[in-house]
Amino acid sequence: MLAFVRKNQVPLSSCLCLLLSLYILTAAARGQLKNEPLGALLMLIMRPLQVASESAVSWVKNFRDNYDTLAGFKLENERLRKRIQNLEVERQRLLEAEATNRQLKALLDFRTQLPAGAITASIIANSANSWFQSCMLDKGSTDGVRKGMAVVTPLGVVGQVVGVTANAAKVLLLTDPNSGIDVLVQRTRSRGIVSGSLDSGTILKYVKRSEDVQEGDRLITSGIDGVFPKGMMVGTVIKVRKQHIGLFQFIEVLPAVQTSRIENVLVVAGDGSGKR
Amino acid sequence: MRLCLLFFLVGIVLILLQTTLLHLLPIGIIPDLTLVLCVYLGLYHPTVGAALGSFLIGYSVDVVSSPSRMVGLNAFLMSLVFLFVYFSSRSIWAQNPLVSSIVVLFAALIKSAALVLISAFFVSLEGFWIGATWYIIQEALAAAVLAPVVFGLLRAGESFAARFRAAGQ
Chain W
1 MLAFVRKNQV
11 PLSSCLCLLL
21 SLYILTAAAR
31 GQLKNEPLGA
41 LLMLIMRPLQ
51 VASESAVSWV
61 KNFRDNYDTL
71 AGFKLENERL
81 RKRIQNLEVE
91 RQRLLEAEAT
101 NRQLKALLDF
111 RTQLPAGAIT
121 ASIIANSANS
131 WFQSCMLDKG
141 STDGVRKGMA
151 VVTPLGVVGQ
161 VVGVTANAAK
171 VLLLTDPNSG
181 IDVLVQRTRS
191 RGIVSGSLDS
201 GTILKYVKRS
211 EDVQEGDRLI
221 TSGIDGVFPK
231 GMMVGTVIKV
241 RKQHIGLFQF
251 IEVLPAVQTS
261 RIENVLVVAG
271 DGSGKR
Chain R
1 MRLCLLFFLV
11 GIVLILLQTT
21 LLHLLPIGII
31 PDLTLVLCVY
41 LGLYHPTVGA
51 ALGSFLIGYS
61 VDVVSSPSRM
71 VGLNAFLMSL
81 VFLFVYFSSR
91 SIWAQNPLVS
101 SIVVLFAALI
111 KSAALVLISA
121 FFVSLEGFWI
131 GATWYIIQEA
141 LAAAVLAPVV
151 FGLLRAGESF
161 AARFRAAGQ
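First to last, the protein sequences are chains W and R. Going by our numbering, the first sequence opens with residue 1, and the numbers climb by one from there. Going by our numbering, the second sequence opens with residue 1, and the numbers climb by one from there.
These are computed hints drawn from the structure, not numbers from a lab. Ideal placement from N, C-alpha and C gives every residue a C-beta, glycine not left out. There's no promise every hint is true.
[Stated by the list, open to error] Stretch by stretch, here's where chain W covers chain R in the computed footprint (C-beta under 8 Å, at least three residues): (1) 41 to 49; (2) 70 to 82; (3) 142 to 152.
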C-alpha cells in the first residue's frame, strides 16, 4: 500500500488537490466559504503587488493615451498649419486684387478728367542704373503711344515718353536730370522748370530770387509746354535756399508720384490728340 | 521545495500580468499564462510540490478574479491540467517548441471544456455557452502561441537559479 502511494504520489496528490478544489467549489457555491485563511493570505500577498502593478499599468496607459492625444494634436496641428498657409495665400491674392482694383478704379476716375484718348499702361521695367531715371511701359505704338506723350497718374506727373516701339514705350521720369517740366507754383503762379538732378534729387529751376516760394508750396503743370495737361500735380516744395549770388533760387521738390511705388499709369497727349 | 516556491512566485507574477498589463493588449482576450506555467510544471517537474503549486496558482487566480460562489474553480482546472500533462508527459517528448505549443493548446481546450461543464453544473448561467466556443479557441491559440516564449523564460530562470544556488554552495 505504501509502495503504491510512494509510486503514485504525484497523481495521488494531484487528485487530492482536485478533490480539495471541488470541496472548496461546492462550499463556495453553497455560500459556506467565509473567512477561509488561505484566500485571505493570498489576498494579503497579492494586494500590494496588484496595486503596484496597476499603478505601473496606469502609467503605461496614461503614457499611451497621452502619446495618442499628442499624435492627434500633431496631425491636427499640421492640418491647420496647411490650412493657414492656404488661407494666407488666398488672403494675399485677394488683397492684391483689391489693391489693383482700387488703383485701376482711381485711374478710371482720373481718366475722365483727362483729354480724350488716354491710354492705360503698366510699368514693366525700371531703369537699369542710377544715372538715368526711366521706366518701360507695356504699351507701344500699336496701342497709340507716341513719343512726347505725358505719363501721369491720379497723384500727379510721372514723366514723358521718349521712345516707342510697337509694344513698349520708354518713359523719362520726372526725377531724371534730363527731364524738364514747365510748372507753376500753385499759390503764387510763379513759373519754373522741374527737373531731376544727380546730387540734390528733384529741383525747381529758373525761379527768380524775387519770387515768393515757400516750403510746402504745391507745384502744378502749366500746360504751356504742350506735353502735360494743365493743372496736374508735380510735387511739393520741401526746401528753399536763396543764394547770395545768382539770379535764381535753389528749390528742392518732393515729387508727387513716387515712381518706385506705382504700377499703372495713363499716357496722354497734352494737346488732347492722344489715340488708342 | 525552493523551486516550488520560485514557481509559485512566478505564478503570482503571471497573475499580476494577466490582471493588469495584458489587458492593454489589443487582441480582446487575455492569454492564460498561468495555464502555460502549469503545463510546464506537468511536463518538466512532475513532483508533489508541482501538483501543489498548480493548485495554489489556480486558487490564487480564484482569489483575485473568480466570483465568490465560484472560488475553487481555477484551482480545480489547474490541478486537472497538471494531471493531464503529467500523464501525457510519459508518452511525449516535449523539447520541441511546436510540441510544447500543441500540448498547451490541448491543455487549454481541456481546461475550457472543464470550465464550461463545471460552471454549468455548479452555477447554471443562462447563455453562458453563447460565444464561448470562439472565445475558447482564441484563448487556447493565444496560450499556445505564447507557450514557447514562456517556456524559454522559465528555463532561463531555472538555469539562473541553479547557477545562483551553485555559487551559494
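Hints versus structure:
1. Using a Cβ-Cβ cut-off of 8 Å, 3 residues of the region 41 to 49 of chain R lie near chain W, which meets the minimum of three, so the contact claim holds.
2. Residues of the region 70 to 82 of chain R lying with their CB closer than 8 Å to a CB of chain W number 9, which satisfies the three-residue condition for coverage.
3. A count of 0 residues in the region 142 to 152 of chain R with a Cβ less than 8 Å from any Cβ of chain W is obtained; the coverage claim is therefore unmet, three being the minimum.
Hint 3 from the earlier list is the only one contradicted by this structure; the remaining hints agree with it.
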